[in-house]
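Enquirer: Sequence:
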Amino acid sequence: MLGRKDEALKIYLRVQNLNPSDKSVIAVVANNIPSCRAEQNLLEARKKLKTALQVESSKLTARQRRVLLLNQALMHLFSNQREPCRRTLEEFVKKYGSSTEVTLIEAALYVRSKELQKALAILKDDPSKEAKLTAVQVLL
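In the numbering used here, the protein residues as written are 149 to 288.
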């Protein structure tokens, strides 16, 4: 958020090299390292996310579990795995309720499959500014 990705990456790598015993720290590090690396390839990011998802959920806060589930949906989206992405979004909605993030990811799924009207319909139902601006982008 502050734009200091290099500094954050160095800290995360140092923590990772310390092999912490706290599973929640391992999950946070595994989840955040890929977002710090601009040149990160998708395969390595998937491995890190898989590691983070294997941490026992009782060791993570509700917010951390929520973010991991959203990241899993995004990973499926970027990997062109539409059905796993939809299932992950359904799981997210069951656990945490609907959110703007879910709406945006679902709209992206429809845009990728060239179903622009469905994407616009989903975005129309969300009152957030992000959804409205995304709808404008889809219309362009």
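Just to be clear, a hint being listed does not mean it is correct.
Unchecked claim - Okay, derived cross-link-like pairs now, DSS-like style, lysine-lysine, Cα gap no bigger than 25 Å in a straight line: (1) K272 / K242; (2) K158 / K195; (3) K158 / K171; (4) K242 / K277; (5) K171 / K198; (6) K243 / K198; (7) K171 / K153; (8) K195 / K243; (9) K277 / K266; (10) K207 / K272; (11) K272 / K243; (12) K242 / K207; (13) K272 / K262; (14) K262 / K280; (15) K207 / K171; (16) K242 / K266; (17) K262 / K198; (18) K195 / K207; (19) K277 / K262; (20) K243 / K207; (21) K207 / K266; (22) K207 / K262; (23) K262 / K243; (24) K266 / K171; (25) K280 / K266.
Unchecked claim - Quick list of the computed label-pair ranges, beta carbon to beta carbon: (26) I159 / S261: 35 to 45 Å; (27) K243 / V173: 45 to 55 Å; (28) S246 / V284: 30 to 40 Å; (29) P168 / Q229: 23 to 33 Å.
The set of hints was computed from the structure by calculation and includes no laboratory data.
Ideal Cβ positions, reconstructed from N, Cα and C, are used throughout, including at glycine.
Enquirer: For every hint, state whether the structure bears it out.
Expert: Here is how each hint holds up against the structure:
Restraint check: the Cα-Cα separation between K272 and K242 comes to about 22 Å, which is no more than 25 Å; the hinted pair holds. Taking the CA atoms of K158 and K195, the gap is near 19 Å; set against the 25 Å cutoff, the hint holds. The suggested pairing of K158 with K171 holds, with an alpha-carbon distance near 20 Å, which does not exceed 25 Å. Pair hint K242 plus K277 holds up; C-alpha atoms about 24 Å apart against a cutoff of 25 Å.
Taking the CA atoms of K171 and K198, the gap is about 14 Å. The hint holds against a cut of 25 Å. Of the pairs offered as hints, the one joining K243 and K198 holds, with about 19 Å between alpha carbons and a cut-off of 25 Å not exceeded. Restraint check: the Cα-Cα separation between K171 and K153 comes to about 23 Å, which is no more than 25 Å; the hinted pair holds. Distance check on the hinted pair: K195 and K243 sit about 24 Å apart at the alpha-carbon level, within 25 Å; holds.
A threshold of 25 Å between alpha carbons decides the hint, and for K277 with K266 the separation of about 19 Å falls inside it, so the pair holds. Using a Cα cut-off of 25 Å, the hinted pair K207 and K272 is violated, with the two alpha carbons roughly 37 Å apart. A distance of roughly 23 Å separates the Cα atoms of K272 and K243; the hinted pair therefore holds under the 25 Å criterion. For the suggested pair K242 and K207, the alpha carbons sit about 21 Å apart, so the restraint of at most 25 Å is met.
Restraint check for K272 and K262: the C-alpha separation of about 17 Å stays at or below 25 Å, so the hint holds. Restraint check: the Cα-Cα separation between K262 and K280 comes to about 19 Å, which is no more than 25 Å; the hinted pair holds. Our distance criterion of 25 Å between C-alpha atoms is met by K207 and K171, whose separation comes to about 6 Å. With a C-alpha separation of about 22 Å, the suggested pair K242 and K266 falls inside the 25 Å cut-off, and the hint holds.
Note on K262 and K198: the hinted pairing is violated, with a Cα-Cα distance of about 29 Å set against a maximum of 25 Å. Our distance criterion of 25 Å between C-alpha atoms is met by K195 and K207, whose separation comes to about 20 Å. Using a Cα cut-off of 25 Å, the hinted pair K277 and K262 holds, with the two alpha carbons roughly 23 Å apart. A distance of roughly 17 Å separates the Cα atoms of K243 and K207; the hinted pair therefore holds under the 25 Å criterion.
Taking the CA atoms of K207 and K266, the gap is near 38 Å; set against the 25 Å cutoff, the hint is violated. Restraint check: the Cα-Cα separation between K207 and K262 comes to about 40 Å, which exceeds 25 Å; the hinted pair is violated. Restraint check for K262 and K243: the C-alpha separation of about 29 Å exceeds 25 Å, so the hint is violated. Proximity of K266 to K171 is assessed by CA-CA distance (about 40 Å); at most 25 Å being required, the pair is judged violated.
Under the criterion of a C-alpha separation no larger than 25 Å, the hint pairing K280 with K266 is consistent with the structure, at around 14 Å. Hint check: I159 to S261, Cβ distance near 39 Å, so the stated range 35 to 45 Å holds. Under the hint 45 to 55 Å, the C-beta atoms of K243 and V173, about 23 Å apart, miss the expected range. Distance hint for S246 and V284: a CB-CB separation of about 21 Å, inconsistent with the stated range 30 to 40 Å.
The hinted range of 23 to 33 Å is satisfied by P168 and Q229, whose Cβ atoms lie roughly 31 Å apart.
Hint compliance for this structure: hints 10, 17, 21, 22, 23, 24, 27 and 28 are not met, and every other hint is.
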